[in-house]
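Starting from the known structure of chain A, fit chain B onto it as the hints suggest.
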Amino acid sequence: MASDNTQIRINDLSFDIEGKTLLHNTNLSLNGDGITVFLGANGAGKTIFLKLLTGLLTPCSGSITFKGGNLSVKTRAFVSQEPVILRRTVLKNMLFVLEKITSEKSTLAKELLSLMGLDKKEHQNAMTLSAGEKQRLCLARAIITNPEILLLDEPTANIEPNSTTLIEKYLIQKVRSSRKIFFVTHDINQARRLADEIVFIHTGRVIEHSSSENFFENPKTTEARKYISGKIN
Amino acid sequence: MNDISEAFVSSLGLILFLDAELLEIILLSFKITFYAVLISSILGIPLGAFLASTHFKFRNTVVSILFGMMGLPPVVVGLFVYLIFSRSGSLGWMGLLYSPTVMIIAQVILILPIVCCLTFQIIESLHTRYHEFFRSYRIAKLKSVIAYIVDSRFELTTVVLAGIGRSISEVGAIIIVGGNIDHITRVMTTAIALETSKGNLDLALGLGIILLTTAIVLNGFILFLRGKYLNTSGSTI
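Those protein sequence lines, which keep their order, are chains A and B. Residues in the first sequence are numbered consecutively from 1, following the numbering used here. Residues in the second sequence are numbered consecutively from 234, following the numbering used here.
Don't read these hints as lab results, they were simulated from the structure. Note that the structure is predicted; figures quoted are calculated from it, not measured.
Calculated pairs, SDA-like style, for lysine to any residue (alpha carbon to alpha carbon, straight line, at most 25 angstroms):
1. Lys376(B) - Gln124(A)
2. Lys110(A) - Val97(A)
3. Lys74(A) - Lys374(B)
4. Lys374(B) - Arg87(A)
5. Lys74(A) - His364(B)
6. Lys290(B) - Ile382(B)
7. Lys290(B) - Ile17(A)
8. Lys376(B) - Ile101(A)
9. Lys264(B) - Leu247(B)
10. Lys374(B) - Leu56(A)
11. Lys374(B) - Met127(A)
12. Lys92(A) - Lys461(B)
13. Lys374(B) - Val97(A)
14. Lys20(A) - Gly43(A)
15. Lys290(B) - His364(B)
16. Lys174(A) - Ser114(A)
17. Lys376(B) - Glu99(A)
18. Lys92(A) - Tyr363(B)
19. Lys461(B) - Arg87(A)
20. Lys74(A) - Thr361(B)
21. Lys121(A) - Thr165(A)
22. Lys376(B) - Leu108(A)
23. Lys376(B) - Thr145(A)
24. Lys121(A) - Arg386(B)
25. Lys374(B) - Thr145(A)
26. Lys376(B) - Thr89(A)
27. Lys100(A) - Lys374(B)
28. Lys100(A) - Val383(B)
Isolated chain A, as found in the complex:
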């Protein structure tokens, strides 16, 4: 899968906890743009992998390089499955993650909220938003930090369909062209809609890595075939 635009290299990455290996020596070369979807059954190691990329977990061995150098923390933004919302207004939630609040950033925050359909709620207590609105706020909050890499851990798992549609549309139309996106999902249809490339993880091992088209048309492994056909959850 290595190509000219390969910008993220994962070398011998592994993660153990209490003597149990949750991610086995993983080597990957990933495109520096587009959407990479991590697919796999429950407990396969997708979230562990994503958190290693985010820097929330420290690998037991191996390294991750971005554009030939270390993957700096400032290049990444992470959105978790459960939206983490601060007990303050929607706009203040947006501005909280900024090191310095400027008038340009405030304007950008309002623009991002508008894109997420939250422009009329910027002064509302963010705790009173619906689950989908909270997740849209989390995504907008991630984007305002201007990350080069956006890491999304099942961001649409527990939200209403209209928010899922809005988030997907936003990622495809506005984010994909300018940022690398890592997206963890269980939803095969969502992976088909979003993915440029698929990383299929099974019991802590990356067993398949290919373009989305190749993965769904011609899966190479038995596990991937079973997963696509719904025989593994």
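Leaving out everything else, chain B in the frame of chain A:
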């Protein structure tokens, strides 16, 4: 029974006509409580927030000691402060014994662990939800501690109110270090103890009614805040 009912009526008269002695005692009680709770909150809330959101080598030991201090016997604290501030004590040169200042110091020693530990418990649960978010966005330690405090403001108000309740009803420590001196260190609780022993039930009852009313109002306010918090966040305290 007649004595009690007469004393009760007499005490209501003292309250309604704002008896000067009664008023002086009440004001001093509120003043000491205000400063003791203010100092305890300024020190205890950030310390509790820091302990709840930071892991260091002896953290559990420090937390265990603080939790143990929640049950400090007031008379022992009073004795300890008395020994320090008495003429032969290490801080005796300050001449603070039998003054409202030393009463505030004794109360801070009693209330600080309560404020700190209750804050710790509240913010620890918030930390479980926030810490990954803070780490992923590289939020500075000071900013995160402030965020924990700001986002727990409703619950922390109940902590402060609990501190006020503890402070205003305390008698053991302040009677030792304050000496219950008329017009100088006499507060509601120490006055109740003294007037009861003297058989002056109307003043004791009057003070008791005010103390009880204060406790009821404080608890009512805690319940009000709890309801307000539940309405705005959908979470439980």
